[in-house]
Structures are given as structure tokens and as C-alpha cells.
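Participant: Fit chain B to the known structure of chain A by using the hints.
If you read the protein sequences in the order shown, they are chains A and B. Take the first sequence: its letter number 231 is residue 231 in the UniProt record's numbering, and every next letter is one higher. Take the second sequence: its letter number 146 is residue 146 in the UniProt record's numbering, and every next letter is one higher.
FYI, nobody ran anything at the bench for these hints, they're computed from the structure. Do not take every clue at face value.
Claimed, not checked - Listed next, with one range per pair, are the computed distances between beta-carbon atoms:
#, chain 1, residue 1, chain 2, residue 2, range
1, B, D114, A, D96, 29 to 37 Å
2, B, A29, A, D161, 40 to 48 Å
3, B, D114, A, R216, 41 to 49 Å
4, A, A29, B, R86, 28 to 36 Å
5, B, D114, A, R83, 51 to 59 Å
6, A, D125, B, A224, 42 to 50 Å
7, B, E72, A, R23, 40 to 48 Å
8, B, A12, A, D162, 45 to 53 Å
9, B, A29, A, P28, 50 to 58 Å
10, B, P128, A, R23, 32 to 40 Å
11, B, D250, A, D96, 41 to 49 Å
Note that CB positions come from ideal geometry on N, CA and C, so glycine has one too.
Protein chains: 2
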Amino acid sequence: MTHVFDEATAVARIDEIDGHVVRATTHPAYNNMVGPFGGVTAATVVRALQEHPEVLGEPLALTINYAAPIAEGEWDLALVLIRTNRTNQHWTFTIDQNGGVVATGTAVFGVRRDTWADTEDHAPDLPPVDDVPASDFPEFIAWARNYDKRFVVGGLDAASDDSTSTLWLRDEPARAIDYPSLTSMTDAFFPRVFLRHGTYMPAGTISLTTYFHATRDELAAQGAGHVRATARGSRFGNGHFDQYGQIWGDGDRLLATTHQLVYYKDVPQ
Amino acid sequence: MTHVFDEATAVARIDEIDGHVVRATTHPAYNNMVGPFGGVTAATVVRALQEHPEVLGEPLALTINYAAPIAEGEWDLALVLIRTNRTNQHWTFTIDQNGGVVATGTAVFGVRRDTWADTEDHAPDLPPVDDVPASDFPEFIAWARNYDKRFVVGGLDAASDDSTSTLWLRDEPARAIDYPSLTSMTDAFFPRVFLRHGTYMPAGTISLTTYFHATRDELAAQGAGHVRATARGSRFGNGHFDQYGQIWGDGDRLLATTHQLVYYKDVPQ
Numbered sequence: 001m002t003h004v005f006d007e008a009t010a011v012a013r014i015d016e017i018d019g020h021v022v023r024a025t026t027h028p029a030y031n032n033m034v035g036p037f038g039g040v041t042a043a044t045v046v047r048a049l050q051e052h053p054e055v056l057g058e059p060l061a062l063t064i065n066y067a068a069p070i071a072e073g074e075w076d077l078a079l080v081l082i083r084t085n086r087t088n089q090h091w092t093f094t095i096d097q098n099g100g101v102v103a104t105g106t107a108v109f110g111v112r113r114d115t116w117a118d119t120e121d122h123a124p125d126l127p128p129v130d131d132v133p134a135s136d137f138p139e140f141i142a143w144a145r146n147y148d149k150r151f152v153v154g155g156l157d158a159a160s161d162d163s164t165s166t167l168w169l170r171d172e173p174a175r176a177i178d179y180p181s182l183t184s185m186t187d188a189f190f191p192r193v194f195l196r197h198g199t200y201m202p203a204g205t206i207s208l209t210t211y212f213h214a215t216r217d218e219l220a221a222q223g224a225g226h227v228r229a230t231a232r233g234s235r236f237g238n239g240h241f242d243q244y245g246q247i248w249g250d251g252d253r254l255l256a257t258t259h260q261l262v263y264y265k266d267v268p269q
Numbered sequence: 001m002t003h004v005f006d007e008a009t010a011v012a013r014i015d016e017i018d019g020h021v022v023r024a025t026t027h028p029a030y031n032n033m034v035g036p037f038g039g040v041t042a043a044t045v046v047r048a049l050q051e052h053p054e055v056l057g058e059p060l061a062l063t064i065n066y067a068a069p070i071a072e073g074e075w076d077l078a079l080v081l082i083r084t085n086r087t088n089q090h091w092t093f094t095i096d097q098n099g100g101v102v103a104t105g106t107a108v109f110g111v112r113r114d115t116w117a118d119t120e121d122h123a124p125d126l127p128p129v130d131d132v133p134a135s136d137f138p139e140f141i142a143w144a145r146n147y148d149k150r151f152v153v154g155g156l157d158a159a160s161d162d163s164t165s166t167l168w169l170r171d172e173p174a175r176a177i178d179y180p181s182l183t184s185m186t187d188a189f190f191p192r193v194f195l196r197h198g199t200y201m202p203a204g205t206i207s208l209t210t211y212f213h214a215t216r217d218e219l220a221a222q223g224a225g226h227v228r229a230t231a232r233g234s235r236f237g238n239g240h241f242d243q244y245g246q247i248w249g250d251g252d253r254l255l256a257t258t259h260q261l262v263y264y265k266d267v268p269q
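This is chain A alone, in the form it adopts within the complex:
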């Protein structure tokens, strides 16, 4: 049976005179408050790049800028191969819907070579996953139902002076992790302003950048187990905040680091 994540990120090549274009379709299971969950849009781009016949190696970096809400239905992704070097490859992409650009971005793929290595940062120290209850988000955040989320700190239940959320996270139902699903997980933190205020506010990601540290073998070893995910904001103000996050796998492997800029509006009191 096809996992809902694979349904939601599927693309089909469409004929275009001018370059490599694939068509995707929003999936109701990954709806957000306005438009689809950005993590699945980003994941679809990574998947489409992986399926491109000229791709070199594995994802190293992705930046996606959300320029306008994506409406329910089909959207078209144009992938442009900019340059292939000996060990890495540069891409740009554009997402069009109904004649307008709704997202743009860049990606770097590359070959991982054996070098000196060290993971300097430390994984969050969490109680065993079975000791942490799973939590639900409200009905109107549909995409969250496709994740098993076990918050150790910073759940959606109360306001906090600290915007840190740290949780056990995996796809629901369980699914072996790969680069597209890892991409999506780096956007699976709700907006940090919700946590600071203990309430929902109009907010949305403007720009998301994810760096992929995991090798293909490390993702295969991780399988369908929970990852540890942590994120926090450093400055909120003037309608925007940043969020820095990390996704950790078994054996204290840092799978991805991520940075995003988020727009928010105050709720009228």
C-alpha cells in the first residue's frame, strides 16, 4: 500500500518545450491552515530532483521561498540544472500555479566523499519515546495528523517564554525515512510565535533552508524509527522571526540542520 506521504509528493513529467517540468497535486491529508503544509511542498521538490535523469549524488542543500499561497489542486515545478561540477551540482526551481509563480528556490546535490569527520553538537537528551505521550494538533492543521509527535518540551498546550520545542517525531503511519521525508520533517515545527503566545496566530514560512548531513546509508539504518527534532527562534520582531532547528537520528547522528524565516501578524486583542 502506498504511504500517504508518497501519494502527496508524487510528480509526473509533463511535456514542455522549455525545460524539465513536472506536475504535482496538493493532497488534502497535508493541508495547513492556508494552503498545503510547506514541508510537503519542499519534499516534493527534493523528490523531483532525485528523479531527474541528470541528478548527481544526494541532496546537500535546499532553499525554498514561499511567494504566495498554493491553492488546492495541481502545480507545476520547473527544474533548471545550472551547473554540474566534479562533486556537486547546482539547481534552481520555480513553482507555478494558475499562471503565477508561487515559490522559487535553489538546491545543491553532491557526492559525499570520505573525509575527516566530527559531530560537534550534541543530540537533545530525551526520555525513551515510549515514555512520552503522543499529542494531537487541532483539526484544522490536517498535515500534523501524518506525524507521530511526542513533545518533551514546547508543545502546543501552553505559552512559554522559551520558544524551544524538542520532540520525538516520525511519519504516521511509520515510514522508512528518506531525503524527501527528512526535508518535510525540517518544517514540521509549528510557528514559534504560537508557543510564545500559547495561541494560534496568522503566521507562515517565507523562506526555508535545509542542509542534509545524513548519508543514504545513515537514512537506511534509521529506517522508520523516531527522530529527535528540536527548534527555536532567536529574534521575534517587526512581523518576522527566525527558527533554527536540528533533526537527530539514532546513534546521535545529526541528519539535518535547518533555518527558516517566518512571517507573523499580531492577533487583535
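Facilitator: Same frame as chain A, but now just chain B:
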């Protein structure tokens, strides 16, 4: 007298049938080991966007991917306005030199609105700038001579198990900070592998993302004084590492956060 940074980031509009293209020229004062210092290339993009007749507001986010070394001489920057929303504006850009693409990227500009605000992170606690000696980089890193750098931890003098560098930083000679120079400062950390190994190694930024938190008024208040800059890597391996950094101004104002992915090669022993 024109500051060398303003000379190095100057662009001139050139006639192009197909869009808004400006021409820049590498400046020997900002040479790096191979090609120009990436920070000045990024700064030139920000300056060119600020000078674009259709620009909305101030820089919010910049991502630049360095696809190939830039040779000494002229390079052309094509700016594409993707979409202007009510409070923000999306751009893509491409840098061409000698008929090939050497860099690509995206930018978001926008209007800063008065909202709830909080700076959650804390500025590094440093001794007064006059108590920290300025340090020199070797001759072959020309660009570094255009910065007054006062390392409190993580200078280039010894290997360290901790890749953190924290320093007082300003342009040399002193220059009132603006968005282009702030951009450049977010790339003014030498590659973290140098610090881990206590030596120079082949290394270069692949992708740089900077989020601008400072308002124009905050930059004006900062003037030509030193900022506090800090950066560290979290995972090194398979030929790449990430670097997360922050630039702090007076009054514990977080001016920018930045994330970059860097390529490196082991030095043969």
C-alpha cells in the same frame, strides 16, 4: 573619499533586452584564496537589489549558491522580480561570467511592521573591544585586511576541539554599517575546519543564507562601531560542514542570523 567596500560592491546597469542586469567588477582588496571573498559577492547582490527601481522595503532574507569560482574581472548580475505582495517581495538572481553561470540565489525584501517583539537569544558576553587585540590573517587572505577582527575565542592561531569563533568585528577603515556590509560580515568567519585543524585546508562556501533582523534605524544607530560576531559548525563529514552564526549590535540587538554549507577537502598528510 569612497570606502573600499563601496568601490568593491558598486554595480552599473548594462543594457539587456531580457531583464534587469547590472555589471560588477571584482576588487583585489577583497580577494580570497581562490576568487573573490564570497561575502562581498553577496553584499553586491544586496546592494544591487536595494538600488533596483522596483524594490519594496528592506532586505529580509538572502540565499546565494556559489556554483563555480569567480575569476578576477567583470561579472554580470541578472535580477528577476518574481512577485510583490502587500508587505514582501520575492527575487531570484543569477551571476554570469564569461558565458557561464557562477552563482544563483534568491532574496526576500519586505516592509517591517510594528508587532510584538522579543529577542530570545543572548549576545555573547565579551570583554571591551579595546581590551582585545586585533589579529591579522596571512597575506594570501586579502579580504581579511578590510576587517578589524578581535577574536575572543577561536582565532586562527591554534587548533581547537570547539569550532566556535566569537569576535569583535568592523570594517577597516571604520564604515557605518548598512545591509550590504552586514551581509558581508555574515560570511566573514574563516572556514570552521581551519579552526578544528589549526591549519588552512581547501574549503569554500557552497550555499549561504542570511536573515536580516535589523531595522534601518537600528543599523543607523549602530553606525561604525564594532559588532559582536559568533559562529560554529555542528557536523563535519563527507566533505561538508554547516556553520550557524549570529551578528549582534549595541544594546544586544540581534542584527542577523546566518547558516552556510561549506565544502572541504582533507589535506594529504
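Participant: All hints, please: hold or fail.
Facilitator: Here is how each hint holds up against the structure:
no.: 1; hint: D114(B) x D96(A): 29 to 37 Å; in the structure: 34 Å, holds
no.: 2; hint: A29(B) x D161(A): 40 to 48 Å; in the structure: 45 Å, holds
no.: 3; hint: D114(B) x R216(A): 41 to 49 Å; in the structure: 47 Å, holds
no.: 4; hint: A29(A) x R86(B): 28 to 36 Å; in the structure: 30 Å, holds
no.: 5; hint: D114(B) x R83(A): 51 to 59 Å; in the structure: 43 Å, violated
no.: 6; hint: D125(A) x A224(B): 42 to 50 Å; in the structure: 44 Å, holds
no.: 7; hint: E72(B) x R23(A): 40 to 48 Å; in the structure: 44 Å, holds
no.: 8; hint: A12(B) x D162(A): 45 to 53 Å; in the structure: 48 Å, holds
no.: 9; hint: A29(B) x P28(A): 50 to 58 Å; in the structure: 56 Å, holds
no.: 10; hint: P128(B) x R23(A): 32 to 40 Å; in the structure: 60 Å, violated
no.: 11; hint: D250(B) x D96(A): 41 to 49 Å; in the structure: 44 Å, holds
The structure does not agree with the numbered hints 5, 10 stated previously, though it agrees with the rest.
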